[in-house]
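A.B. asks: So the protein sequences, as listed, match chains A and B. Taking numbering that gives the first Met the number 0, the leading residue of the first sequence gets 0, the next gets one more, and so forth. Taking numbering that gives the first Met the number 0, the leading residue of the second sequence gets 0, the next gets one more, and so forth.
Calculated from the structure, these hints are not laboratory results. Errors might be hidden in some of the hints.
No distinction is drawn between identical chains; accordingly, a pair holds when it is met within one copy or between any pair of copies.
[As the list claims (entries may be wrong)] Pairs of lysine to any residue, SDA-like flavour, derived with a Cα cap of 25 Å:
hint	residue 1	residue 2
1	K54	P200
2	K54	P201
3	K234	V223
4	K210	A125
5	K210	I231
6	K86	R145
2 protein chains.
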Amino acid sequence: MKMKALTTLFACAIAFATTTNADDALLSWNDTAPKKAIVSFVEKVTKEGSPYFVKPEERIATFDNDGTLWAEQPIYFQFQFALDRVKALAPQHPEWKNKEPFNHLIAGDMKAFLAGGEKSVMAVMAASHTGITTDEFDKIVKDWLRTARHPKTGRLYTEMVYQPMLELLTYVRANGFKTFIVSGGGVEFMRCFAEQTYGIPPEQVVGSSGKLKFEMRDGKPVLVKLPEVQFIDDKQGKPIGIETFIGRRPIAAFGNSDGDQQMLEWTTAGNGARFALLVHHDDAEREWAYDRKSSIGKLDKAWDEAVAKGWTVVSMKDDWATIFPPTK
Amino acid sequence: MKMKALTTLFACAIAFATTTNADDALLSWNDTAPKKAIVSFVEKVTKEGSPYFVKPEERIATFDNDGTLWAEQPIYFQFQFALDRVKALAPQHPEWKNKEPFNHLIAGDMKAFLAGGEKSVMAVMAASHTGITTDEFDKIVKDWLRTARHPKTGRLYTEMVYQPMLELLTYVRANGFKTFIVSGGGVEFMRCFAEQTYGIPPEQVVGSSGKLKFEMRDGKPVLVKLPEVQFIDDKQGKPIGIETFIGRRPIAAFGNSDGDQQMLEWTTAGNGARFALLVHHDDAEREWAYDRKSSIGKLDKAWDEAVAKGWTVVSMKDDWATIFPPTK
Chain A
0 MKMKALTTLF ACAIAFATTT NADDALLSWN DTAPKKAIVS FVEKVTKEGS
50 PYFVKPEERI ATFDNDGTLW AEQPIYFQFQ FALDRVKALA PQHPEWKNKE
100 PFNHLIAGDM KAFLAGGEKS VMAVMAASHT GITTDEFDKI VKDWLRTARH
150 PKTGRLYTEM VYQPMLELLT YVRANGFKTF IVSGGGVEFM RCFAEQTYGI
200 PPEQVVGSSG KLKFEMRDGK PVLVKLPEVQ FIDDKQGKPI GIETFIGRRP
250 IAAFGNSDGD QQMLEWTTAG NGARFALLVH HDDAEREWAY DRKSSIGKLD
300 KAWDEAVAKG WTVVSMKDDW ATIFPPTK
Chain B
0 MKMKALTTLF ACAIAFATTT NADDALLSWN DTAPKKAIVS FVEKVTKEGS
50 PYFVKPEERI ATFDNDGTLW AEQPIYFQFQ FALDRVKALA PQHPEWKNKE
100 PFNHLIAGDM KAFLAGGEKS VMAVMAASHT GITTDEFDKI VKDWLRTARH
150 PKTGRLYTEM VYQPMLELLT YVRANGFKTF IVSGGGVEFM RCFAEQTYGI
200 PPEQVVGSSG KLKFEMRDGK PVLVKLPEVQ FIDDKQGKPI GIETFIGRRP
250 IAAFGNSDGD QQMLEWTTAG NGARFALLVH HDDAEREWAY DRKSSIGKLD
300 KAWDEAVAKG WTVVSMKDDW ATIFPPTK
């Protein structure tokens, strides 16, 4: 056996040594019903010979991002990025001073801006997300993530992730699951941090996307981001995104809002053991408390369905010992 | 260490033991320039400490399907499936007897059918691929693949794959590459055989797709295939498909026609060592011979670019010792 062989075998052994034991893995979960439900499900589908056993290649788990893996208050972080980007671009666009909705942003009048509704939001998304190449966008987002801080906590946005969910991702992967993000967020935005933050590689991130255009510039190909929607990965779009991008029905799905309802329905409608979980934001002290009436992360119909169908509902207040990871 | 631990470690060792040695792996490749170029590239990017070393997670290789992994003559196999499906459905559609282009198919008049051009093709694709759920489509395709045989060779279509490319897939995977299909073919069609035939799981298949609709039927969610195009993964669409589905630029790409040109351009425009290969169908005896003038798998501009840029061009006649695998 060559040196390379030994190294590889050793790496294999290390990888294996990652704990698959729930008590060691799910340290930030209180010993309440949700943790027990997760562990019971994982043990059931991984136990060889069990009637619920699922082959590793079919152990697909999908996770919403905003409100499920990281926070989403006071506004979606990607939208905060868009606002910051518009402000950074404003000096190059003197015409924005007299152009809705940019004039309101430049004047710092969020109330006037929000009065413009979805049209204003889309204008800001287009101005911040399109007209540049995919490589340029990648660099801009990564620069922002390295420096921008959350207005309430002062943390980097990538530190606004939920420690219990990081542990859950590690735990299910150690049990042979392949973890995917399936989120309404922009697929290219999320790929800028998903691998480093969640251990989820770009090819396992499913999200909303805009149209792209292939162009030659100075003899080199580029992909230009166009201000046209290609696909919205939310609500009914989530099972469609799963089918189109992954092509296999998940056996477990994790969300936090009505935008995840159809993903959970699609997941649990498959044969064999299935698992569906909703994170309920009920911890005003350590995070935020919002559900049925919230404009962001509204949890209403999906909650009713969870209760009716016995899906697992996590109370952040009661079921999570820790919310955020230690800062670096 | 528990029994499970031992088993896993043993599986790891077995997986590792899969040969990474080119001479053992690429048995159906003659010892000519293309094989040498492949091996040289793979050794370069996998050698730790080399200036060309690429981390395993970035070893993305993309493969066209029709004409690259399996044959595409006398017509694309997916189109043969569509024709067979229309014939199977004809008894349920008496109105087709008087309706273009179905009347020509029922009468067996391919010349009249083909005179209808793209419009006729699209009508047949819609009739055979849409109006059913994704689960129904999956079953129909798998049934067809189990029984339908190629008109010239009498082989199952999944036996019309190229043995040297199967070996190449195995060889690059044994060297830490993640292999993807990036094809103009329908993504759901290809996923019906890609895992079993090529070892490429559904989530690593990128292809053309139609729009889907999420619906509740008897309290169960289904996805219905609509007769509207969502995305065409061909020509300029291939880099776009790669960016949208994979989110990482490949370091190696494999194709056979002008439809692959932009994928190869996109791949080779990245930094570091890159590899681009075109399969040239020049073996009329063992397969088919066609290139610049062919309506299927036209290889013209991409060939010129390959010559100009030093991409590897495989002569099926000279570089492949075997074309098809033994039948089962």
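A.B. asks: Each of the hints needs a verdict: does it hold here or not?
C.D. replies: A quick look at each hint next to the structure:
In the homo-oligomer, the alpha carbons of K54 and P200 lie at most 25 Å apart both inside one protomer (21 Å) and across protomers (13 Å), since each shortest distance falls under that limit. In the homo-oligomer, the alpha carbons of K54 and P201 lie at most 25 Å apart both inside one protomer (23 Å) and across protomers (14 Å), since each shortest distance falls under that limit. For the identical chains of this complex, K234 and V223 are inter-copy neighbours only, at 16 Å across copies versus 27 Å inside a copy, given an alpha-carbon limit of 25 Å. Taking the shortest Cα distances, K210 and A125 sit within 25 Å of each other both inside one copy (12 Å) and across copies (24 Å).
For the homomeric pair K210 and I231, the shortest alpha-carbon distances inside one copy (11 Å) and between copies (12 Å) are both at most 25 Å. In the homo-oligomer, the alpha carbons of K86 and R145 lie at most 25 Å apart inside one protomer (17 Å), although the nearest pairing across protomers, at 59 Å, exceeds that limit.
The earlier numbered hints are all upheld by this structure, with none contradicted.
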